[in-house]
Amino acid sequence: MINMINLFKNWWRSRKFCAALKQGNEDLARKIIRDAKLSESQLSLPEKLYREKLKLTYNLNQKNKTIKQLKEELETTVRELEQLNSLTEVSTNNQFCLLPEKQFIDFIWDKFKLIERDTGLLQCTGIHQEIFEDIERSLADFIEGEFEQFRRTRRDFESMLADATQDLNSLKGGKDPNYSYTLSPHVYLIRYFLENVYCAYLAWFLIYQSGFLPTNLNILDIAAGPGTMAYGLDLFLQSSHLFSIQLPPVQVAYYSLEKQDKFQYRGLQFWRKYSEQKANPTNAYFRFDTVDLFDEKADFQKIPKDFFDFIVISHCWFYEVETRNYAYLKYKQIFKSSLKPGGYVLLIIQDKKLWKINNLKCCEDPVQEQELVEKMLREMDLNLVWYKYLNSTPQRGTMKGSEFSKFARANLSPQVYMSKLMKDYLDIKYTTCYTLDDYVILASREENK
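Under UniProt numbering, the very last position in the sequence shown is 449; numbers go up by exactly one each time.
Note that these hints are calculated values from the structure, not bench results. Treat the hints with care, as some may be off.
[Said to hold, decoys possible] Below are the DSBU-like pairs computed for lysine-lysine, each with C-alpha atoms no more than 30 Å apart in a straight line:
| # | residue 1 | residue 2 |
| --- | --- | --- |
| 1 | K102 | K68 |
| 2 | K31 | K71 |
| 3 | K330 | K65 |
| 4 | K113 | K400 |
| 5 | K102 | K340 |
| 6 | K353 | K172 |
| 7 | K102 | K113 |
| 8 | K352 | K305 |
| 9 | K111 | K63 |
| 10 | K330 | K302 |
| 11 | K278 | K330 |
| 12 | K336 | K356 |
| 13 | K63 | K22 |
| 14 | K302 | K352 |
| 15 | K278 | K353 |
| 16 | K71 | K22 |
| 17 | K375 | K388 |
| 18 | K330 | K297 |
| 19 | K262 | K102 |
| 20 | K330 | K113 |
| 21 | K71 | K48 |
| 22 | K53 | K31 |
| 23 | K55 | K65 |
[To be verified] Ranges between beta-carbon positions, derived for each pair:
| # | residue 1 | residue 2 | range |
| --- | --- | --- | --- |
| 24 | G145 | E296 | 38 to 46 Å |
| 25 | Q69 | Q333 | 34 to 42 Å |
| 26 | E322 | E72 | 42 to 50 Å |
| 27 | S337 | T182 | 31 to 39 Å |
| 28 | A410 | R378 | 21 to 29 Å |
Ideal placement from N, C-alpha and C gives every residue a C-beta, glycine not left out.
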């Protein structure tokens with residue numbers, strides 16, 4: 001009689017178990033298995049198979065966790081070896097470079113949520129909030145003050161703003177803006193400045209991590225705009241102060257080569273109101289050279305010879321073939337005459353532009369990507385040291401608009417103050433986030449290799 005009762009209980013339990021699985025209620029199915037195990041009841045064949053599946057799933061998850069942990073340890077070891085190799089090279093070439101501090105490097109990786117997806121792709125969704133919120137708030141106040149002054153003195157403020165905005169928006173159509181309008185610097189500062197500073201910050205960090213950042217740093221910035229690269233370096237050095245790392249004093253000589261004096265002026269104006277008022281301001285000397293790269297009468301001879309540790313070109317790349325080839329010719333001349341022995345060239349180019357100037361669409365092929373990078377460098381007589389594709393997403397290429405909007409809201413830091421200015425002055429309704437889609441390329445001249 002007892003056996004009959006047990007058989008009935010087992011049959012009923014097995015029936016409930018099968019019903020739970022059919023309904024997709026795996027929590028209930030697991031509970032039934034646990035209760036049967038505790039009561040030492042005999043399991044049916046489906047229950048035995050499910051129990052085996054649970055064991056296999058558990059073992060697989062444990063193995064995956066172990067693999068993930070080992071992969072992370074391997075990536076950390078590889079990074080440390082790369083840093084060690086960089087330090088070895090630095091110690092033989094330049095004893096005055098900053099020595100990378102592992103704790104500070106880990107701090108930046110954590111703050112910016114950096115993930116090395118492969119040797120080329122570096123995903124970044126984080127930010128040093130304290131640093132960037134401070135500059136964003138200060139920049140918003142600066143621009144509002146500028147616009148208020150224009151309103152008082154110019155009746156055509158609205159049309160001035162519209163002209164500058166329309167010119168900058170030509171980027172969306174794959175054309176190069178003129179940047180020649182009175183309010184072009186202000187519109188750029190609202191729309192793209194902080195995003196480009198964000199990229200510049202990480203570029204200087206990667207150079208520091210490689211062991212290539214000197215304590216006496218001479219920079220030539222071609223098409224410098226308002227000094228975006230100087231601001232990126234300044235914010236990176238500010239992070240080191242907030243982390244309380246004892247870096248040796250860094251002295252910066254920054255040479256701005258720019259066609260539009262309005263950009264140089266506004267950049268310096270904001271620097272004096274923001275950067276120079278800090279408790280630990282960057283020791284920076286500025287020199288401004290207002291010259292048109294495409295002016296045949298332009299005199300580049302006054303640029304110091306064999307002087308610069310870094311020559312930087314950020315986002316000054318052209319769609320038109322003839323224009324681009326002429327620019328490359330000028331770039332090569334400047335590299336040859338002004339880069340010091342052992343110096344580096346730092347290039348930053350948006351992903352879409354790198355592919356588009358080669359008449360290709362962005363793809364997920366890292367081999368083809370590196371070939372394009374090296375092709376561009378060969379055209380300027382440069383050799384690749386390293387490159388990183390900085391992207392906010394975990395993939396190469398572009399997400400669809402709605403998909404990226406959802407991703408940005410969930411993962412990226414908003415530009416709170418700039419978004420308000422974009423809404424008020426540029427008719428941009430959505431909240432802009434700090435995003436990345438740039439190639440950061442470190443190169444050297446062939447003679448230095």
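Can you confirm whether the C-alpha distance between K53 and K31 stays at or below 30 Å? With a Cα-Cα distance of about 15 Å, the restraint between K53 and K31 holds, given a limit of 30 Å.
Decide if the proposed pair is consistent with the structure: K278 and K353, CA atoms, cutoff 30 Å inclusive. Violated - the C-alpha atoms of K353 and K278 are around 36 Å apart, more than 30 Å.
Hinted pair, alpha-carbon criterion (30 Å max): K63, K22. Please report holds or violated. 29 Å, holds
If you draw a straight line from the CA of K111 to the CA of K63, is it 30 Å or shorter? Between K111 and K63 the Cα gap is close to 29 Å, so the pair holds against 30 Å.
Hinted pair K55 and K65, Cα distance within 30 Å: 15 Å, holds
Lying within 34 to 42 Å: is that true of the beta-carbon distance Q69 to Q333? Violated: the Cβ-Cβ distance is about 51 Å, outside 34 to 42 Å.
Assess, step by step, whether the Cα of K102 is no farther than 30 Å from the Cα of K113, and give holds or violated. Measuring from Cα to Cα gives roughly 16 Å; hence the hint holds.
Regarding the pair K375 and K388, is the alpha-carbon distance no greater than 30 Å? It holds: about 16 Å lies between the C-alpha atoms, which stays within 30 Å.
Can the restraint linking K102 and K340 be considered satisfied, given a maximum Cα separation of 30 Å? Given pair K102, K340 holds - Cα atoms ~29 Å apart, limit 30 Å.
Is the hinted pair K330 and K65 satisfied, with a Cα-Cα distance of at most 30 Å? 53 Å, violated
Return holds or violated for the Cβ distance of A410 and R378 against the range 21 to 29 Å. 40 Å, violated
Holds or violated: K102 and K68, Cα atoms, limit 30 Å. Within the cut-off at roughly 22 Å; holds.
Taken one by one, the earlier hints fail for this structure at numbers 2, 3, 8, 11, 14, 15, 16, 19, 20, 21, 25, 28, listed in ascending order.
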